[in-house]
Amino acid sequence: MAQVYQFSSHQRTQLSPDTTRAREHAEHEEIAKGKRNGEALTWEDVAKMKLSWCVAQETLRLVPPVFGSFRRAPIDIEFEGYTIPKGWQIFWASSVTHMNPAIFHEPSRFDGSAAAPYSFVAFGGGPRICPGMELARVETLVTMHYLVRHFRWKLCCGEEKSTFVRDPMPTPLDGLPVELDHIAPLC
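Position 185 (the sequence shown) corresponds to 185 in full-length UniProt numbering; numbering is contiguous.
Incorrect hints may have been included.
As the list claims (entries may be wrong) - Derived pair list, reagent style SDA-like, types lysine to any residue, alpha-carbon separation capped at 20 Å:
| # | residue 1 | residue 2 |
| --- | --- | --- |
| 1 | Lys33 | Val142 |
| 2 | Lys50 | Ala26 |
| 3 | Lys35 | Cys54 |
| 4 | Lys154 | Pro185 |
| 5 | Lys86 | Ala102 |
| 6 | Lys48 | Asp76 |
| 7 | Lys48 | Arg21 |
| 8 | Lys50 | Met133 |
| 9 | Lys33 | Arg149 |
| 10 | Lys50 | Glu27 |
| 11 | Lys154 | Met133 |
| 12 | Lys33 | His150 |
| 13 | Lys48 | Phe67 |
| 14 | Lys50 | Arg137 |
| 15 | Lys48 | Lys154 |
To be verified - Simulated restraints on C-beta separations:
| # | residue 1 | residue 2 | range |
| --- | --- | --- | --- |
| 16 | Glu139 | Leu180 | 30 to 38 Å |
| 17 | Arg166 | Ile103 | 21 to 29 Å |
| 18 | Asn100 | Glu78 | 35 to 43 Å |
| 19 | Glu139 | Glu30 | 29 to 37 Å |
| 20 | Phe91 | Tyr146 | 32 to 40 Å |
Just so you know, the hints here were simulated from the structure itself, not pulled from any lab data.
The model shown is predicted, which means the values in this text are computed figures rather than measured ones.
Where is the CB? At the ideal position from N, CA and C, for every residue including glycine.
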């Protein structure tokens, strides 16, 4: 969640960071309107968090949690004049797909307004897609809901572009200092 706001503040964005936050806040407020104080979120509520999931996916696209993985070539493959024989190990890197300008018009630009179909591979894909993807989605959206609704965020690291290291997960090099202002009761 913190990465979402760090990226929307530091990357060139399709929508301004303030616009993205305002739209996301409105999405969560709309869900909260139909709830009694302290009432838990339902599956239906989580399903309504479309903009929030697009923002989370865009963050994972720019800084994927897993660099890639190995696969075996199931058949002989011709690729750009090279033959990859059946059975050879191939390394697949999600960042190569996520930063491909043929798929993403401006790959280094944060655009939380929509996710490109069949090109988001932060959780892998096909029969070996991460089995925890749906759990991660629900946990992310529920956390975002409570943080967006109950706190106002201010990054304390300035406007300069932050640097990430992989250790082994993407981690802000200098931490991620934020100031949180409590704006609504948690219950």
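Do the hints match the structure? See the list:
1. Between lysine 33 and valine 142 the CA atoms are separated by roughly 16 Å; this keeps the pair inside 20 Å, and the hint holds.
2. Between lysine 50 and alanine 26 the CA atoms are separated by roughly 12 Å; this keeps the pair inside 20 Å, and the hint holds.
3. Restraint check for lysine 35 and cysteine 54: the C-alpha separation of about 24 Å exceeds 20 Å, so the hint is violated.
4. Of the supplied pair hints, the one linking lysine 154 and proline 185 holds, its CA atoms being roughly 19 Å apart against a limit of 20 Å.
5. Annotation: proposed proximity of lysine 86 to alanine 102 is violated, straight-line Cα distance about 27 Å (limit 20 Å).
6. Our distance criterion of 20 Å between C-alpha atoms is broken by lysine 48 and aspartate 76, whose separation comes to about 44 Å.
7. A hinted pair counts as satisfied when its Cα atoms are at most 20 Å apart, and lysine 48 with arginine 21 qualifies at roughly 16 Å.
8. At most 20 Å may separate the alpha-carbon atoms for a hinted pair to count; lysine 50 and methionine 133 meet this at roughly 16 Å.
9. Proximity of lysine 33 to arginine 149 is assessed by CA-CA distance (about 11 Å); at most 20 Å being required, the pair is judged to hold.
10. For the given pair, lysine 50 sits about 8 Å from glutamate 27 by alpha-carbon distance, which is consistent with the 20 Å threshold.
11. In summary, the hint linking lysine 154 to methionine 133 is not supported, as the alpha carbons are separated by about 29 Å, beyond the 20 Å threshold.
12. Distance restraint check for lysine 33 and histidine 150: the Cα-Cα separation of roughly 14 Å lies within the 20 Å cut-off, and the hinted pair is therefore satisfied.
13. Distance hint between lysine 48 and phenylalanine 67 is unfulfilled; the C-alpha atoms sit about 30 Å from each other, more than 20 Å.
14. Distance restraint check for lysine 50 and arginine 137: the Cα-Cα separation of roughly 11 Å lies within the 20 Å cut-off, and the hinted pair is therefore satisfied.
15. Taking the CA atoms of lysine 48 and lysine 154, the gap is about 26 Å. The hint is violated against a cut of 20 Å.
16. Glutamate 139 and leucine 180 have their C-beta atoms about 19 Å apart, which leaves the hinted 30 to 38 Å range violated.
17. The hinted range of 21 to 29 Å is satisfied by arginine 166 and isoleucine 103, whose Cβ atoms lie roughly 22 Å apart.
18. Distance hint check: the CB atoms of asparagine 100 and glutamate 78 are about 20 Å apart, inconsistent with the given range 35 to 43 Å.
19. About 21 Å separates the C-beta atoms of glutamate 139 and glutamate 30, a value inconsistent with the hinted range of 29 to 37 Å.
20. Checked against the hint of 32 to 40 Å, the pair phenylalanine 91 and tyrosine 146 passes, with Cβ atoms roughly 38 Å apart.
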